[in-house]
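K.L.:
The hints should help you fit chain Y onto chain H, whose structure is shown.
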Amino acid sequence: MDVLDLARLQFAVTGSLHFLFVVLTLGLAPLVAIMQTRSLLSGKPVFERMTRFWGQIYVINYAVGVFTGLVMEFQFGLNWSGLSHFAGDVFGAPLAMETLVAFFLESTFLGLWIFGWNRLPKRLHLACIWLVALTAYASAFFIMVANSFLQHPAGAVLREGRLVLTDFGALLSNPSLVAAFPHVVGAGLFAGGTVLTGASAYKLFRRTADQEFFRRSLRTGVMWGSIGVLLAVASGYLQLGVVNDIQPGKFDTQLAGQALSNMRLVGELCQLVFPFILAPLLIRNLLARWRWIHPLLMLLTPLPFIAAALGWLAREAGRQPWVVYGELDVAHAMSPGLTYQNVLVSFVAFAGVLGLLALVDYLLIARAVRRGPGQVALGAPAPADPTPSPALAL
Amino acid sequence: MEIIWLAILAALLIGYFALEGFDIGLGMLLPALARARERAGEPGTRQDQRDHLVAAMAPFVLANEVWLVAVAGTLLGVYPVLDGRLFDGLYPVVVLLVTSWILRDAGLWFRRRMDGGAWRAFWDAVLCAGSWGLALSWGVALASVVRGLPGQPFDLAGLLYGLVVAAVLAAHGRAFAAWRLSGPRETGRGGRRLALTAALAVLPVAVPLAVAAPSLLDHTVSSGTLNVLSIITLPVLPILVVAQVWVWRTFTPGRGVIGTGAARVPSFF
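Chain order of the listed sequences is H and Y.
Everything in the first sequence is counted per this note's numbering, starting at 10 for the first residue and increasing by one.
Everything in the second sequence is counted per this note's numbering, starting at 49 for the first residue and increasing by one.
Hints listed in this document are in silico derivations from the structure and should not be mistaken for laboratory results.
Predicted model only: the values in this text are computed from it and were never measured.
Even for Gly, the Cβ is constructed at its ideal location relative to N, Cα and C.
Accuracy of the hints is not assured; some may be wrong.
Label-pair distances were calculated between CB atoms; the ranges are [as the list claims (entries may be wrong)]:
hint: 1; chain 1: H; residue 1: 179; chain 2: Y; residue 2: 232; range: 49 to 59 angstroms
hint: 2; chain 1: H; residue 1: 311; chain 2: Y; residue 2: 95; range: 11 to 21 angstroms
hint: 3; chain 1: H; residue 1: 375; chain 2: Y; residue 2: 262; range: 17 to 27 angstroms
hint: 4; chain 1: Y; residue 1: 197; chain 2: H; residue 2: 10; range: 22 to 32 angstroms
hint: 5; chain 1: Y; residue 1: 275; chain 2: H; residue 2: 364; range: 36 to 46 angstroms
hint: 6; chain 1: Y; residue 1: 211; chain 2: H; residue 2: 379; range: 15 to 25 angstroms
hint: 7; chain 1: H; residue 1: 221; chain 2: Y; residue 2: 94; range: 41 to 51 angstroms
hint: 8; chain 1: Y; residue 1: 232; chain 2: H; residue 2: 50; range: 14 to 24 angstroms
hint: 9; chain 1: H; residue 1: 305; chain 2: Y; residue 2: 275; range: 53 to 63 angstroms
hint: 10; chain 1: H; residue 1: 336; chain 2: Y; residue 2: 275; range: 15 to 25 angstroms
hint: 11; chain 1: H; residue 1: 243; chain 2: Y; residue 2: 232; range: 22 to 32 angstroms
hint: 12; chain 1: H; residue 1: 384; chain 2: Y; residue 2: 94; range: 21 to 31 angstroms
hint: 13; chain 1: H; residue 1: 376; chain 2: Y; residue 2: 94; range: 20 to 30 angstroms
Extracted from the complex, chain H is given alone in its bound form:
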């Protein structure tokens, strides 16, 4: 394996990890926001408990999404400065907008939401989670603008050996973006819905005391999972036609072709199962009452993540050997001075640390589900009889 392969592997590993966590962030953020809205509107305690429990799952997952995202952002400068030299004039702009317009606000509002519980007025606290969800989707949009430019460099011309931005509108209406963004949105909602479904099925199967809580969660999960998978599959088909026009032969290589066909297999299976089998069983709560079906629902949980990883692999591997399709290949996108030793060090540091943290994070999510809504740290009320805290002496 040479230095280029190692740098590519590093990007693939950290990028896949990032997407696995981000796709659930995108799915859970609006669902938690809807739960909190219902809590405020109806005043029913079950919705507040749902907000806190699923909100806790959401923020545990969010952490590794951020860790991996940091590495992605710095990796461009570290390993792929050839790309920013050649196309930074176009490619850097949506990434800068993502950090300044979207992520900056997402992180600030999320801090307010997590730590402002029982502190902020209820309406403002609710506004925080909606702003978090909104900026999360704005973030995804700008990242997809940047990625779509790499798939189909619209809105730029080659001048003196570098790409120059000529038409920002063309960047935003990129045919590679138009179908791919709803595809990502659908995949996110599908992932969020499936996690709610699988976790609720587990709790119902274990005969939890919180029957109403998880019956409602199961219902929300199946409904949003159905909406998500339908959106993902429909926009996926739309996208196939576009790809044939702008990147002919994209899925002809073995890796990209296999990733695509396996993703379609998962997607089409779930498109059948969620809206056409599970959703009708919500009538009279049959799905919640049939205990024998719950282990099958649990088995569905990893499917959206497998599909998301495969879809990402198909989109990126199918672009090879190009970084900017038809304009810049990976060998020239690599940082010119990159040494094997440097990439090895960063690979071990990033992939190793992130891999371990991702593993820990998944175990923590599983543990939070197992403990159930009774012991949630997020939004825990203040102790009834607080003792005054004396001044800190240093």
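P.N.:
Below, chain Y alone, put in the same frame as chain H:
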């Protein structure tokens, strides 16, 4: 327009050191401050003291660290050519910095997610080590930028500058802890001291910024791209400021419905 974006980059970097600086400093001093609180007769175990200290910075961390994400985004978008050159010259330092950052954050996010003293003590140690890694690698990186990116950033001058950065951030972190955990009567004085250490914390980055400014101006992205960036981004900047102010209004001692001390509000971190 080039000047405006240089000012934005400078403001983001300075904001990062003034704000995230105290989180890093507090993380570095976590064991020492916990011991000091214990010796001063604060109720609770040493782990309780660490919990209070982390809870003091917890509501600010997400809003603080994001300033550096914005710095990196601005470098990519406004100075793409320089971005690659900078990261090439600082490769191992940036790897250390980002890894330390991730570990520091992991310490914060994970420390309360399991019961048991060993788990929390382990992530507190990770938090402290990550904070030290952040401060030292910042110092090495800034010293390297001042000297025009020499081949080997980890030399004596780099390490010395690392210690300088670590020292000012530690002072800033200590001032923050004193301000945030003090009673209502002392917060005024503590706040003035915090502003002073904030000014101290931005000094190590002000010099490299001034040195790099001409080179940054020379390597600004094309004016077409800059205009697009400005049209999309500049109208949103006031919202960024408002959101930050909102964080400080919400979590400043003496405000809010729960009470004065940070220790009394249950903390997620």
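K.L.:
Of the hints stated earlier, which fail here?
P.N.:
Failing hints, ascending: 2, 3, 6, 8 and 11.
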